[in-house]
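Colleague: The primary structure of each chain is shown beneath.
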Amino acid sequence: MLRNRIIPVVLLDGYSVVKTLQFDVRRNLGNPIVVARIYNSRNVDELLLLDIDAAKENRTIDYFTIEDVASECFMPLTVGGGLTNCDHIEKALKKGADKVVLNTEALRNPDLIKESASIFGSQCIVVSVDIKKDGDSYNLYSHSGVDTGSLDLLEWCKEVESLGAGELFINSVDLDGKMTGYNYDLVKMISEAVGIPIIACGGASKPGDCTKVIKSGASAAAAASMFHFTDYTPENCRENMRTAGIPAR
Amino acid sequence: MITIIDLGLGNVNSVMRALNYLKVSNRVSSEISDLEEAEKLIFPGVGNFFEASKRLEINGMKQAIREQVLELGKPILGICLGMQLLANEGEEGGISKGLGLIDGRVVRMSSEKVGLRLPHIGWNDVSHRNLKLFSGIDENACFYFVHSYALELEGDVEHSLSNYGTDFVAAVKKDNIIGTQFHPEKSQKDGLKLLTNFVNGVF
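Residue numbers (this note's numbering), protein chains in the order written: chain H, 1 to 249; chain W, 1 to 203.
Chain H with its partners taken away, still in its complex shape (with noise of 0.2 Å):
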């Protein structure tokens, strides 16, 4: 049977490790390597590896970093930022990734969506949507400037699918860093209208709000600080899910 996965989430701002609080103000935690090597003796189910600033500042991930952590860890890696082009992509497996993550690309140009599955397998490509709740609806929104007023949520995300994508990756940005709970209804909303398998990110406080978004029809539930900045760890929230009767290692 698959286990619901738990996905420790961890930022970058080109060569360290920062939080976020709803995609503005930031903490420095320090040192990538270290920071996935505590993970790995963790055993989590997957860690996802995200540059924040590279599209912004138009560069990728740096290469050697996704290589220093891909040494140490023999678990899946997911990395993204500022990845453009099926070079980069490449680029990013060669050195330990094993899926990437596309944003700000895949809204600027949604037909890299299609290319990349097209060549490297939908299973490798997952899609980012990061969303803002303005009043009673939600808004795709791009930290990098790209505008997505036309796009409609839904739509987009069935768009994504149709591309070829193989996971969404769902990021609240109201609630990033704020550790009050994950927005159920969003990723129920969301889960209801694609077949593909949904990372849920966005509010985790406690090893309860993982399986609440598992039941709300996520795949998997990612958070950065419940794990950096409370006690709690990948294998407390498993073992909530596993008593909830939901299938976790």
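It is worth saying that the hints were derived from the structure and are not from the lab. Ideal placement from N, C-alpha and C gives every residue a C-beta, glycine not left out. Please note: incorrect hints may appear among the correct ones.
To be verified - If you only want the chain W side, here are some residues facing chain H, beta carbon under 8 Å, derived:
1) N48
2) G93
3) V114
4) R117
5) I121
6) V146
7) H147
8) S148
9) E152
10) G191
Claimed, not checked - Cut-off 27 Å, straight-line C-alpha distance, at most; resulting in silico cross-link-like pairs (BS3-like, lysine-lysine):
11) K114/H x K97/W
12) K193/W x K97/W
13) K91/H x K23/W
Claimed, not checked - Here are a few chain W residues that sit away from chain H, every Cβ distance over 10 Å (derived from the structure):
14) G8
15) V24
16) S25
17) D34
18) E36
19) E39
20) R66
21) E67
22) N88
23) L118
24) R129
25) S135
26) G155
27) F203
With chain H held as given, fit chain W onto it using these hints.
Modeller: Chain W alone, transformed into the frame defined by chain H:
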């Protein structure tokens, strides 16, 4: 020495890193001469069957692998797409030919029919573990899978199963030809143990 066959498509270096960690001499290569020098071959893969099939036809790679495995009896371990490519043909991206080392076809999994999401991504257990490849690995161990297509065997071939809405081939063995649908190089200590078994001829 183990040669890791590189078609320029996948995370071949992850297998290299795992072998380096296990202190097993290895080389990542797309050169036929490196296939000839190797004692064993590992054929990893993330990618699209159709694209990989095309690349196998370049520079006689397909013929060279078949020769090393069938005529010289070198053990080969296909991982994920590498396992799927051991089969006769696959339907991902359009029908195309595999290496034809194991009788079977690679078809899209039927999990969606019972309401499950594809790709099948994550940790899953493996049953019918009669293959020696699993020696010394805890019975409840989970391995990391990431795929939407699976191998349908023709005829009587030794294999292990996993389940995702439907049973599918998780590992296969025919003489010196071995395959795992999951990624041992990404399955932490249990995966490293399985790679060690292959390296030591325990399969």
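Colleague: It remains to establish, for every hint, whether it holds in the given structure.
Modeller: Outcome of the hint check:
| no. | hint | result |
| --- | --- | --- |
| 1 | N48 | 5 Å, holds |
| 2 | G93 | 7 Å, holds |
| 3 | V114 | 12 Å, violated |
| 4 | R117 | 5 Å, holds |
| 5 | I121 | 6 Å, holds |
| 6 | V146 | 5 Å, holds |
| 7 | H147 | 6 Å, holds |
| 8 | S148 | 6 Å, holds |
| 9 | E152 | 19 Å, violated |
| 10 | G191 | 6 Å, holds |
| 11 | K114/H x K97/W | 23 Å, holds |
| 12 | K193/W x K97/W | 32 Å, violated |
| 13 | K91/H x K23/W | 25 Å, holds |
| 14 | G8 | 7 Å, violated |
| 15 | V24 | 14 Å, holds |
| 16 | S25 | 17 Å, holds |
| 17 | D34 | 17 Å, holds |
| 18 | E36 | 24 Å, holds |
| 19 | E39 | 23 Å, holds |
| 20 | R66 | 24 Å, holds |
| 21 | E67 | 27 Å, holds |
| 22 | N88 | 20 Å, holds |
| 23 | L118 | 7 Å, violated |
| 24 | R129 | 15 Å, holds |
| 25 | S135 | 19 Å, holds |
| 26 | G155 | 27 Å, holds |
| 27 | F203 | 20 Å, holds |
Hint compliance for this structure: hints 3, 9, 12, 14, 23 are broken, all remaining hints hold.
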